[in-house]
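Asker: Residues per chain, in single letters:
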Amino acid sequence: MPDYNLRLIIPEIFLFLWALFIIAFDLGTKRKNPKLIGYLTMGGIAATAVLLYLYHGGISFNNMFKSDPLALFFKVIFLGSAFMAVGSSFDIIAQKIKNHRGEFFGLVLFSTVGMMFLASAGELISLYIGLELTTIPLFILAAYYKDDRISVEAGLKYLVIGAFSSAILLYGLSLLYGLSGTTDIVMMKINLALLYLNTNGIGWALLMAIVMVLAGIGFKLALVPFHMWAPDVYQGAPTPITALLSVGSKAAGVVAFMRIFIDGLYGFADAVMFPLDWGNIVAVLAAAAMILGNISALRQKNIKRMLAYSSIAQIGYVMVGMVAVSELGVGSVGYYMFIYLFANMGAFAVATIFNDNTGSDSIASYAGLSKSSPMISAFMAIFLLSLAGIPPLAGFAAKFFVFAAGIQAGYTWLVILALLTAVVSLYYYANVIKMMYFAPDNPTIKLNTPLSANIVLIIGVAGLIIFGVYPEPILNFALDTARVFGF
Amino acid sequence: MLDLIIFYFAAVIAVGAAVMMIMQRNPVASVLYLVVSLVAQAILYVQLNALFVGALLIIIYTGAILVLFLFVIMLLNLRGEHFGGKQSRMGRASKIAITVILFAEMVAIFKQVAIPERIGTQAAAVAEDFGSVEMVASHLFKEYLYPFELTSILLLVAIVGAVVLAKRDKTEKMEDA
Amino acid sequence: MITTGFIIASAIKVIVVVVAVLTGCAYATWLERKLVGHIQHRIGPNLAGPFGLLQPIADAIKLAFKEDIVPERAERVTYALAPIVAFIPAMLSFAVIPFGDTITIMGQQIDMVISDLNIGILYIFAITSLGVYGIVLAGWSSGSKYSLLGGIRSSAQMISYEIAYGLSIIGVLIIAQTLSMKELVAQQANFFDWFIFRQPLGFVLFVICAIAETNRSPFDMPEAESELVGGYHTEYSSLRFAMFFIGEYANMITVAAVVTTIFLGGWQGPLLPPVVWFCIKVFLFMAFYVWIRGTLPRVRYDQLMNLGWKVLFPLALLNVVVTALIYRL
Numbered sequence: 001m002p003d004y005n006l007r008l009i010i011p012e013i014f015l016f017l018w019a020l021f022i023i024a025f026d027l028g029t030k031r032k033n034p035k036l037i038g039y040l041t042m043g044g045i046a047a048t049a050v051l052l053y054l055y056h057g058g059i060s061f062n063n064m065f066k067s068d069p070l071a072l073f074f075k076v077i078f079l080g081s082a083f084m085a086v087g088s089s090f091d092i093i094a095q096k097i098k099n100h101r102g103e104f105f106g107l108v109l110f111s112t113v114g115m116m117f118l119a120s121a122g123e124l125i126s127l128y129i130g131l132e133l134t135t136i137p138l139f140i141l142a143a144y145y146k147d148d149r150i151s152v153e154a155g156l157k158y159l160v161i162g163a164f165s166s167a168i169l170l171y172g173l174s175l176l177y178g179l180s181g182t183t184d185i186v187m188m189k190i191n192l193a194l195l196y197l198n199t200n201g202i203g204w205a206l207l208m209a210i211v212m213v214l215a216g217i218g219f220k221l222a223l224v225p226f227h228m229w230a231p232d233v234y235q236g237a238p239t240p241i242t243a244l245l246s247v248g249s250k251a252a253g254v255v256a257f258m259r260i261f262i263d264g265l266y267g268f269a270d271a272v273m274f275p276l277d278w279g280n281i282v283a284v285l286a287a288a289a290m291i292l293g294n295i296s297a298l299r300q301k302n303i304k305r306m307l308a309y310s311s312i313a314q315i316g317y318v319m320v321g322m323v324a325v326s327e328l329g330v331g332s333v334g335y336y337m338f339i340y341l342f343a344n345m346g347a348f349a350v351a352t353i354f355n356d357n358t359g360s361d362s363i364a365s366y367a368g369l370s371k372s373s374p375m376i377s378a379f380m381a382i383f384l385l386s387l388a389g390i391p392p393l394a395g396f397a398a399k400f401f402v403f404a405a406g407i408q409a410g411y412t413w414l415v416i417l418a419l420l421t422a423v424v425s426l427y428y429y430a431n432v433i434k435m436m437y438f439a440p441d442n443p444t445i446k447l448n449t450p451l452s453a454n455i456v457l458i459i460g461v462a463g464l465i466i467f468g469v470y471p472e473p474i475l476n477f478a479l480d481t482a483r484v485f486g487f
Numbered sequence: 488m489l490d491l492i493i494f495y496f497a498a499v500i501a502v503g504a505a506v507m508m509i510m511q512r513n514p515v516a517s518v519l520y521l522v523v524s525l526v527a528q529a530i531l532y533v534q535l536n537a538l539f540v541g542a543l544l545i546i547i548y549t550g551a552i553l554v555l556f557l558f559v560i561m562l563l564n565l566r567g568e569h570f571g572g573k574q575s576r577m578g579r580a581s582k583i584a585i586t587v588i589l590f591a592e593m594v595a596i597f598k599q600v601a602i603p604e605r606i607g608t609q610a611a612a613v614a615e616d617f618g619s620v621e622m623v624a625s626h627l628f629k630e631y632l633y634p635f636e637l638t639s640i641l642l643l644v645a646i647v648g649a650v651v652l653a654k655r656d657k658t659e660k661m662e663d664a
Numbered sequence: 665m666i667t668t669g670f671i672i673a674s675a676i677k678v679i680v681v682v683v684a685v686l687t688g689c690a691y692a693t694w695l696e697r698k699l700v701g702h703i704q705h706r707i708g709p710n711l712a713g714p715f716g717l718l719q720p721i722a723d724a725i726k727l728a729f730k731e732d733i734v735p736e737r738a739e740r741v742t743y744a745l746a747p748i749v750a751f752i753p754a755m756l757s758f759a760v761i762p763f764g765d766t767i768t769i770m771g772q773q774i775d776m777v778i779s780d781l782n783i784g785i786l787y788i789f790a791i792t793s794l795g796v797y798g799i800v801l802a803g804w805s806s807g808s809k810y811s812l813l814g815g816i817r818s819s820a821q822m823i824s825y826e827i828a829y830g831l832s833i834i835g836v837l838i839i840a841q842t843l844s845m846k847e848l849v850a851q852q853a854n855f856f857d858w859f860i861f862r863q864p865l866g867f868v869l870f871v872i873c874a875i876a877e878t879n880r881s882p883f884d885m886p887e888a889e890s891e892l893v894g895g896y897h898t899e900y901s902s903l904r905f906a907m908f909f910i911g912e913y914a915n916m917i918t919v920a921a922v923v924t925t926i927f928l929g930g931w932q933g934p935l936l937p938p939v940v941w942f943c944i945k946v947f948l949f950m951a952f953y954v955w956i957r958g959t960l961p962r963v964r965y966d967q968l969m970n971l972g973w974k975v976l977f978p979l980a981l982l983n984v985v986v987t988a989l990i991y992r993l
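Residue numbers (the working numbering), protein chains in the order written: chain P, 1 to 487; chain Y, 488 to 664; chain L, 665 to 993.
Keep in mind that the hints were calculated from the coordinates and are not lab data.
In this text, all values refer to a predicted model and were calculated from it rather than measured experimentally.
Careful, some of the hints might be misleading.
[To be verified] Heads up, simulated DSBU-like pairs for lysine-lysine below, C-alpha to C-alpha not over 35 Å straight-line:
#, chain 1, residue 1, chain 2, residue 2
1, Y, 654, P, 35
2, L, 809, P, 146
3, P, 371, P, 96
4, P, 96, L, 974
[Claimed, not checked] Rough simulated footprint, nothing fancy, chain Y against chain P, three-plus residues with beta-carbon under 8 Å:
#, segment
5, 99–108
6, 298–310
7, 422–432
Quick reminder that beta carbons are idealized off the backbone N, C-alpha and C, glycines included.
Bound-form chain P, shown alone (with noise of 0.2 Å):
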């Protein structure tokens, strides 16, 4: 018989029926108050992550569900970014959100309910369906504009995408699992080496493999070439959901790849993978992430565009840590995943709250921001110079620990080229800082802020400054969560 040990799933337990609390809340309730639903919700993210402190570590349903070091790290920075994305979404939903308030926040806590599933999957089915549970609510929530064009095309066109790349992921795992008779992914390490050892030349079958689901993972995490759908989604979509499409589900992305590559595909793969291990295909993506995102970014007006191509470009980052493939590679990317929820929920949140009050996205319209509204424009400064990996804030530290584990590993030529293209990238964030400070005044407008969107802002702040200063306890964290892979 199979191990049920329930009292490991029970932080996403109760996060999902928190999530259908919420909408029967907001059903069952006359007066609508969008306040309190909104409160309810990041109360109900926080009584998780007290959850997932008391009930973690260890495994259920034979190895389908890990709650290891990794999955708590991730569950984390889902957590944060959902609880970020619900605060800064307050005046959204009071302004333009009319109907289906709850079903919004619902369905927010449903992805990361996806999200946290995904972290934990120690097996490809679950991992897929979790990937789809994550995805699934995005595509609804980037389309919750329903009388505006944009956003409903940026739901379609997500849903398309993501169809599609779902398509190609599935054929790539039917592929390991036909080559490797389980659905397990430590198992499947064993088979398939087993397998290379008994039958001559695996080698093609597994490239493809690996090149399709590289494919279909490369989509959720909009890895260059499969990023062409980010832009219009990002700025289509509502901007808090923009912000979790950016942290939350490329997080979870991060970790399938890890799960997937890292855990299932690695080891024998340098043996096998004549004459191409997963590591070259990966630094060459990521290099073209680096590469496009940063240039593409340039020429951006609009600030919701702008940080669709930067985050192209920051995944490219991330990746540069994980074809390091060692302790410091995979926890110089969980903390850079973690530093990355600060800063860009926090830019983003501005973003939200600039938009809420002017109605306008252009990077334009801040001019002058500085000095009406001095403490906002001095918050997105951090958070932009923290994205660009300026010192002392935590984004440095973040590249840093990414660059050192690239050299570690030998792939020095493309830390070379990642520490060019932060230079590039330093211009368009700075463009930004230069219009809220320098540019000459536009009448512009006080921004009014509710307590909520104040509440991620000081978060996002205090985050940045506190682990730039002091990172030692997210690395060791973050450093900790490689055991899970042995090294």
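Mind docking chains Y and L on chain P? Use the hints.
Answerer: The following block gives chains Y and L in isolation, referenced to the frame of chain P:
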């Protein structure tokens, strides 16, 4: 021998109909080819002793999902001319190129992997009640209980999402009335 | 494995069943007209032969000599295929229905069933679910509004009732723990073991859904004469029309046979030979069909949808849960 004939018959129909499906401009014809392809695939499942899966394939896919497709297509009265003009030459060429590459890759794989040996070893390992309802059920509800239950969450989420997207907003309704 | 005897026996069984079903279809029309006539205080057909018994033959000859019309705007290939697609599944379903006990002829055990699949019930569901394509295609390919509406209604109706249809049978399966039709009959040896007594709600749901699935009154939306002329077969004439006609009646007989097998004890019964009992039960159920047609008015389209989704579906689920709790806890 008979098995082999039936296999090739069904396999050729399954693949041929699938190809025809994507070649059609008329959506109803596409659905029909998909129906044919699925029925042929069901035959393949039956040949593999997976009677249950074969029956489910027909009941669920051809019997329910594709009827729904047909319903939608007919309700919207979609005809071939609704699907844009001709494709650009580049677009068509790139599609064909990708298809050819994938196909070549597949052939390469199947040549590389020593298929006959693998099938031989696998066939011997198949249990007596392979593919029976009991076997499928015990896999589904014992071994794979966790992903199975996850799927139910996924379906619930999809339903919530579909309702949100499809339900007419209250304000609109008033204007209509 | 496959002996000559087996092949001959199978061939004979197939021929006998096909002939029986086709004759049954012909006389089902007679039965319907006669019964409905009496329900409405008429006599019904009485001129062709004694009691009008030759009426079906006269009808068949008349249909065969009608002109075969293909509308100008029809999609020719699909238009020609549709009646066949509607007809064939109706005949195929009979492959798994046991109409008698095992008998021994010339030292050979012969099952009174063409093929005893161990997933018999699922096979029937699979095959009958294909029947809707004939109707939908006919509606779509005729190039006529009435036909198209009939086809759309039919597909919507099918989807709505398929779920409750499938679920209503699950209760029986939970008790019987088999999908084989032969096994099901064997488990109903005693009169009070008939599943109609052990699954009354399941029986009612199944019959309602089956009537909807076969597009019979009061659920004959796809061909509602008063609104849609003839629905999906408005444009059809001659033998193509006859195929739809036979298909519909063959479907009714199939449902009657399935209900008999699953709920009414199959061929089991005292004194008379099994095959006769089977025929009696099928006949009675066909009469029930006609009775319903003669008494109930047609439901409206939205009523049909509401009934399917909001009443039958939850009830079917409830039935499954209750049955599982009672029998398997």
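Asker: Would you mind marking each hint as holding or not holding in the structure?
Answerer: Hints, one by one, checked against the model:
no.	hint	in the structure
1	Y:654 x P:35	holds, 23 Å
2	L:809 x P:146	holds, 32 Å
3	P:371 x P:96	holds, 28 Å
4	P:96 x L:974	holds, 33 Å
5	99–108	holds (count 5)
6	298–310	violated (count 0)
7	422–432	violated (count 0)
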